[in-house]
Amino acid sequence: MVRTALDYKGKLKPTWCPGCGDFGVLTALFNAFARLDLDPNNIAIVSGIGCSSRLPGFASTYGVHSLHGRALPIGQGVKLANPEVEVVVVGGDGDAFAIGGGHFPHAARRNIDLTYIVMNNRIYGLTKGQVAPTSDVNFRTVSSPYGNFEEPINPVAFAISVGATFAARGFSGKVDQLTDLIVAAITHRGFAFLEVISPCVTFNKVHTYKYFQEKVTPLPAEYQPDDRTKAIEMAQVMQDVIYTGIFYRQEKLTYHDWISKIMEGVRPVTPKELVLSQK
Amino acid sequence: MVRTALDYKGKLKPTWCPGCGDFGVLTALFNAFARLDLDPNNIAIVSGIGCSSRLPGFASTYGVHSLHGRALPIGQGVKLANPEVEVVVVGGDGDAFAIGGGHFPHAARRNIDLTYIVMNNRIYGLTKGQVAPTSDVNFRTVSSPYGNFEEPINPVAFAISVGATFAARGFSGKVDQLTDLIVAAITHRGFAFLEVISPCVTFNKVHTYKYFQEKVTPLPAEYQPDDRTKAIEMAQVMQDVIYTGIFYRQEKLTYHDWISKIMEGVRPVTPKELVLSQK
Amino acid sequence: MEKVDLVVRIGGESGEGIIVAGEILTLACARASFEVYTYRAYPAEVRGGHSMFQMRAANAPIFSAGDLVDILVALNQEAYDRHYSTLKKGGVLVYDPESVKPHDREDLILYPCPLKDLALNQVQAIQTKNIVTVGVLAELFSIPQDKLEEVIQERFGSKGSQILEKDLLALKVGMEYARQNIPKRENLKLGGTEGETRIVISGNAAIALGAVYAGCRFFAGYPITPATDILEILMKEMPRVGGVSIQVEDEISALAMAIGASFAGKKAMTATSGPGLSLMSELIGFASMAEIPVVIVDVQRGGPATGLPTKTEQSDLFHAVFGSHGDCPRVVIAPTNVEDCFYQTIKGFNLAERTQLPVIILSDQSLSHRYETISVPDFDSIKVEDRLIVSPEEVAQGYQRYRITENGLMPMGIPGKPGAYIARGLEHDGEGTPSYDPGIHQVMTEKRFRKLNLAQNDNDVTLRWGNQESEVGIISWGSTEGAVREATNQLKARGEEPDVLYIKLLSPLPRKQIEDFLKNKKKVIVPEVNYSGQLSHLLRAYFLFDPIPLNLAGGRPFAGYEILKKIEEVL
Amino acid sequence: MEKVDLVVRIGGESGEGIIVAGEILTLACARASFEVYTYRAYPAEVRGGHSMFQMRAANAPIFSAGDLVDILVALNQEAYDRHYSTLKKGGVLVYDPESVKPHDREDLILYPCPLKDLALNQVQAIQTKNIVTVGVLAELFSIPQDKLEEVIQERFGSKGSQILEKDLLALKVGMEYARQNIPKRENLKLGGTEGETRIVISGNAAIALGAVYAGCRFFAGYPITPATDILEILMKEMPRVGGVSIQVEDEISALAMAIGASFAGKKAMTATSGPGLSLMSELIGFASMAEIPVVIVDVQRGGPATGLPTKTEQSDLFHAVFGSHGDCPRVVIAPTNVEDCFYQTIKGFNLAERTQLPVIILSDQSLSHRYETISVPDFDSIKVEDRLIVSPEEVAQGYQRYRITENGLMPMGIPGKPGAYIARGLEHDGEGTPSYDPGIHQVMTEKRFRKLNLAQNDNDVTLRWGNQESEVGIISWGSTEGAVREATNQLKARGEEPDVLYIKLLSPLPRKQIEDFLKNKKKVIVPEVNYSGQLSHLLRAYFLFDPIPLNLAGGRPFAGYEILKKIEEVL
Ligand SMILES: Cc1ncc(C[n+]2csc(CCOP(=O)(O)OP(=O)(O)O)c2C)c(N)n1
Ligand SMILES: Cc1ncc(C[n+]2csc(CCOP(=O)(O)OP(=O)(O)O)c2C)c(N)n1
Ligand code: SF4
Ligand code: SF4
Ligand SMILES: [Mg+2]
Ligand SMILES: [Mg+2]
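Chains as they are written, first to last, in the numbering used here: chain A, 1 to 279; chain B, 1001 to 1279; chain C, 2001 to 2571; chain D, 3001 to 3571.
For reference, chain A alone in the conformation it holds in the complex (with noise of 0.2 angstroms):
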């Protein structure tokens, strides 16, 4: 059986107001889905909360819709126990690198075996546009009526810095591309990172499709994603062009390797024997 994008398709119809950029990485999560054939009950999309964090809700595969910031270690918990689900996490930029940014480094330095998709608008959608962590110096928004003091964080710079083994950029209006980088990320082994520029069309009005549609350009063909100092230094390129794809990937043991090799090595043990063994 070859399954389709409809597959994977909820009951639920998605809440995003008309136009936001999340309808793309939707569209295109469920593309990569069937264009890999993956059973629905074989996959767990997790996110913590926000706009794009209800993500998993519109899809038929398992899901975990938790706490804000949490996506990332209920993710890697999911992962750890059952290896043989695909493990999709998904959210905001706030959720990711706001209330969740202690856990983002780790999660990449382990490289645990899972996709992680930050759908980047630039602004808080869910609360009604506060000020994120990604947004411009200078950004006014509600809750930076004199506009924004701090640096944003450029989230494929941040991922590959910490470690991260696969690092791409997509753009929720080019759903083909965005489409070919989540089958990279998931068939990456190791800690796989999609930044998805995802406009918010309700309280973003600077960061807006139209912004972004002049400035998104494909990385140059002749680039190569093995260099980590030569991938931060395009993913900080953010004046007239901003580049999509892969910035950066390496094949490294991932978390489920080392345990593996660990297992080989140890002398197994019946629960009862441990216990029979304290003396």
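Keep in mind the hints are simulated off the structure, nothing from the lab. Careful, some of the hints might be misleading.
What the hints assert, rightly or not - Examples of chain B residues toward chain C, derived with CB under 10 angstroms:
1. 1049
2. 1057
3. 1087
4. 1103
Said to hold, decoys possible - Straight-line Cα separation of at most 27 angstroms, DSSO-like style, residue types lysine-lysine; simulated pairs:
5. 3236(D) x 279(A)
6. 2159(C) x 2088(C)
7. 1279(B) x 2172(C)
8. 1279(B) x 2147(C)
9. 2522(C) x 1279(B)
10. 279(A) x 1128(B)
11. 205(A) x 2116(C)
12. 2417(C) x 13(A)
13. 3147(D) x 272(A)
14. 279(A) x 3172(D)
15. 1279(B) x 2236(C)
16. 3166(D) x 13(A)
17. 1261(B) x 2519(C)
18. 2159(C) x 210(A)
19. 230(A) x 1252(B)
20. 1009(B) x 2417(C)
21. 1210(B) x 3172(D)
22. 252(A) x 1230(B)
23. 2003(C) x 1279(B)
24. 2159(C) x 2172(C)
25. 2116(C) x 2236(C)
26. 2236(C) x 128(A)
27. 3003(D) x 1128(B)
28. 2519(C) x 3522(D)
Keep in mind the model is a prediction, meaning the values are calculated, not measured. Note that beta-carbon positions come from the ideal geometry of N, C-alpha and C, so glycine has one too.
Could you slot chains B, C and D with the ligands onto chain A? The hints should help.
Same frame as chain A, now just chains B, C and D with the ligands:
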């Protein structure tokens, strides 16, 4: 009146193990305070929990010995509320990058004018020797009996990549250089990060004084701390040589510079007027 | 003067600007010197859910948003279906015939009105449909145009003159249409009266301004519904009073910063809702142990976990009173209405300084976004208590920050001034030196708890009304006040008024006042918008009596008739 | 057989290996078939504080580490000064004359012994002073050398043969010195007996192994005293049973991972102490709302905040029962001794699966590091309850994960198998779709609370002993059991035994058993190692009676005589 290091010494005798690297940090800190002739009543040393976080208790200055991982936000609160006070935040590598890791990038992005000294012993000292986020791969501890699987965090590289405007490394075995570095960090306008290699003589039997003494080398004389990429690269050198000195320094508006600008721009109001304006 | 008491409800799709329309109507009515009281309900989704705004306007005090409505504006079929049954007999239904098909009902006055069409074709801006609606209502019920224009001006003035112009035009278009096409009914006139200046304010704004008035000069927060506007207001206003506000990375950082700021000498606050309060648990214990005053506002919503983010509930009382490991004294207070949000916030700062403990203020969603008309405060009578600061002389004589004293208090040193000490979350002796001696832990714990006595002495920690002789009593807390007042007013008219006690200080409970109240009571009803009867639990534990709980798992406030019914049952 | 009951206390500088020496002695005695019971106290500092280890060994059941000591080993003057007054009349003092100057006391037997000198000059390794000390004690009190060597072998075998050799040498040097220089006293002989195999285990190890036995195959934790060894043991052993253990970045991540792992189908646990439990508050609510079974061990220490990290206290009960915003059902249980740590942990997993709720197990520092001899479990009688998993047939018939059922339970889908659903922290309907309808919130809250009934049915949720006819009762929880048993044993001898009820299930409280107990009671003493009387509070609230609290702010466990005194007062 010119003060001496003794003016900063508290009543309590340090309770660290004999030979602990943190003694060197305390000495250098007092030296630096004396060199800058700071009023002890005008200094606040803020820490989390850990062996290293006991430091404020050994000084005659103001201090907060807070909770594990919360030194940075508490220190930022102190500085934002009382910008005349010299704020020095101190703690361990676990405090900074494990439980406190979510606060670090934001403190850096904000560029609040304070100094953050992390005493890195690559282990959890206070809880008796568990693996830390700065521990090498394969490092065996009581909590990593089969060796550590996770890529270590490089504090200086991490600080630079998340936006610290000053990043340096010292060694508690070289108190004079360390004093200079602390003076430079305190006088820097903005978020100044200083990693101090500070061996745990009790629990870390691999990364000992001897281990570091052989590797620690000042940055080359011609090194210019103005290039982020280069700075990160030099900070990551960890094999035969481990550099000390100032890796990166940048002039940038501090958080207070922004606040001052705004305060100049707004129309002041009394609390009573503000209440009466609601209608 | 003729008695006016009108309830207007607007329902439609979330995102259609219903809340904005409601707020404009409300402010205009308030400026026309009516008492106003509002209620809103909206989904956690930004779009796609159902949204509702209700305003009650009257020329006498009002305590609830009203149970039945006089005027229903249904912007879509769902709004009609959900709400038509709440219309009073003879009530008015305003609707767009294009999208709403009402039943054929004789007992209602139907005012069809092509709202969408007017916005699209006459204003050329579909998003002004909400303001067109306001215009229609203004004309039908004689809401003064000048007040409406004033409010619209203030609201949209900063959005660029084009938007403002469109909105002013929309108002006119709506009024004009109604004037031309809808025959007006006299009994639903609001009109304008001229009275004293009144303040129109929401619960969240009252908290933000109460804090500023109490001397708060540091605020740190993280957005969370329904507390976010406290952050938004203070981001804007704090620099104007010379203070600092900051949006930080999470609630843990927010409380930690506030504690740091207070240590540094500023009165400091954070504001959040249940999930944030849970995250702050460990730091609440730190502020308690290190004796650093700090104010934490919890605007409660439906729980647990993410729960019902946009709905009201009073279910964080347990966590506020008991959350955080260890024996951890703290003060918990709760305002009972929007005006009280202002006064309790000032009280919260006073208690924080007076006890050098963390103070948690429990508001809730139903107060947070509700606009009420309140009297101009009598500023001279408001007492603001300031910090006990150590003097240079005391320092010279050998200052010990944590010395044990009779009432538990010692003055605080402030960085920048003499009095250096270490604030510590580890148990410590008088000097702040860590101590793990069980004896010291015993006396230090006693000392920290002793400070709670200082919170109990005021008279205004409870509010009592009704018939003190009655053997039937109501004890409650927080935002149920309005519904209870509605019920007791009706019973008073019948000569059956019970005795009512509102507890504003929930930790420590005011023993004297509660014991006084209980003296002659046979039956005590405890209404709360939570499932587990959290105040009932506290009353049982501290006063060993068996109250009659009246609980609603939350999601909406009580209606007056629900309280009334319970009292009637018990009487 | 002659009765043996000997209490040995070793005191000295933290870092001198006192705990290691004590543990070696303990294990050797246990292998020689004695009942052992230990207590340790050490500072939060790694070095520079005072450290103490106490072992009691007897050939009859024992319930405490003993109040007065038979043998005191003082390694420095501070140890002597602190502890000499606890020596029984006729007790033995072993000390190094170089560093300790004892009083001239006739009622003690003084055994001076150049411990440092022996380690330095005869073993050539100053750090073996602790093992030299063990050698001296072994000779003086006839502790079998073969058992000691066995234990030292196991303990240091992995540290390289050099270290092992030194330690074995140190043992011999100590024994030899004592043999040559110290005349032995017959009344303090331990010696060896041969008996059945016994298990010697600490409270933390009992929890770790209980978890493994209950089927836990995922553990995530963050180091924190006094819970760390649960993490350390499971990091080592989990791979041997095919499970996964991980040390993560903080306690929030630890519980989140455990919840994720449980969602994915594995029984999962985390272990922490008070500060970590506070940090987990929001996630406790999430597990409750999303109905994901998970076990949280809280090894309590002195609080609040960082508090007294190395000292015992029972003050997290409030947070365990009430922490987390919203109306949030959870199960709380507490073991009463080291052996019970094993059984209650299994119980915790059973209840987690049985109710699909988070379960908090409250142990404490005094249990955590105490070694006790326990009987080999009767494995066949231990019931392990497994998860209710949805079958493919049920899925085919239209599975709703959160459908409302009579007892509140629905089977869970497991990723990888049919039954896909969304676990959610937002309020939701039967299918898991978010719903903000107050009616749904009401019935869903009721349903989640209803599941608590399933925890109350077992008989073993309380433990009762003593004279059921007595009008004086003791109700308590957790690790006070030992001290209470000591006291009631003495009273029994006098024919004055009270009735005793230990509550192991603290949320929900077992109503039937407690009501039964209270029926004929006039006075009920509730001893707890906390300041605020947390169990007393719960009993007042749920059973409306006025217990007699006996509280100690913490820092140390109760001694038997303190309980005895209180009972005598009340009798
Ligand atoms: C502990 C906690 N704090 C705050 C919130 C409120 N909150 C919900 S989503 C959100 C941020 C949304 O921004 P983002 O993560 O970027 O997602 P988006 O809505 O933009 O997709 C916030 C602050 C919460 N639910 N829980
Ligand atoms: C919330 C919380 N979790 C855990 C702990 C236990 N703890 C105290 S210090 C520490 C880590 C110490 O390591 P580090 O920060 O590197 O400091 P060091 O002792 O090495 O100087 C831990 C895990 C705690 N006190 N609070
Ligand atoms: S508010 Fe923004 S992010 Fe949220 S659904 Fe609407 S467009 Fe999307
Ligand atoms: S344990 Fe290590 S870090 Fe801690 S005081 Fe001793 S040497 Fe220093
Ligand atoms: Mg966002
Ligand atoms: Mg460390």
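Taking the hints in turn, this is what the structure says about them:
1. 1049: 8 angstroms, holds
2. 1057: It holds, given that the least Cβ distance between residue 1057(B) and chain C is near 6 angstroms, below 10 angstroms.
3. 1087: 9 angstroms, holds
4. 1103: 6 angstroms, holds
5. 3236(D) x 279(A): Given pair residue 3236(D), residue 279(A) holds - Cα atoms ~17 angstroms apart, limit 27 angstroms.
6. 2159(C) x 2088(C): 38 angstroms, violated
7. 1279(B) x 2172(C): 23 angstroms, holds
8. 1279(B) x 2147(C): Holds: residue 1279(B) and residue 2147(C) sit about 11 angstroms apart, inside 27 angstroms.
9. 2522(C) x 1279(B): 45 angstroms, violated
10. 279(A) x 1128(B): The given pair, whose Cα atoms are some 24 angstroms apart, holds under the 27 angstroms limit.
11. 205(A) x 2116(C): Status holds; Cα separation ~24 angstroms.
12. 2417(C) x 13(A): Violated: residue 2417(C) and residue 13(A) sit about 61 angstroms apart, past 27 angstroms.
13. 3147(D) x 272(A): 24 angstroms, holds
14. 279(A) x 3172(D): Holds - the C-alpha atoms of residue 3172(D) and residue 279(A) are around 23 angstroms apart, at most 27 angstroms.
15. 1279(B) x 2236(C): 17 angstroms, holds
16. 3166(D) x 13(A): 73 angstroms, violated
17. 1261(B) x 2519(C): Violated, because 60 angstroms separates the two Cα atoms, which is more than 27 angstroms.
18. 2159(C) x 210(A): The hint holds at about 21 angstroms.
19. 230(A) x 1252(B): Between residue 230(A) and residue 1252(B) the Cα gap is close to 25 angstroms, so the pair holds against 27 angstroms.
20. 1009(B) x 2417(C): 18 angstroms, holds
21. 1210(B) x 3172(D): Cα-Cα ~34 angstroms, so violated.
22. 252(A) x 1230(B): It holds: about 25 angstroms lies between the C-alpha atoms, which stays within 27 angstroms.
23. 2003(C) x 1279(B): 23 angstroms, holds
24. 2159(C) x 2172(C): Holds, at about 19 angstroms.
25. 2116(C) x 2236(C): Distance of about 35 angstroms is beyond 27 angstroms: violated.
26. 2236(C) x 128(A): 16 angstroms, holds
27. 3003(D) x 1128(B): 39 angstroms, violated
28. 2519(C) x 3522(D): 25 angstroms, holds
Checked against the numbered hints above, the structure breaks hints 6, 9, 12, 16, 17, 21, 25, 27 and satisfies the rest.
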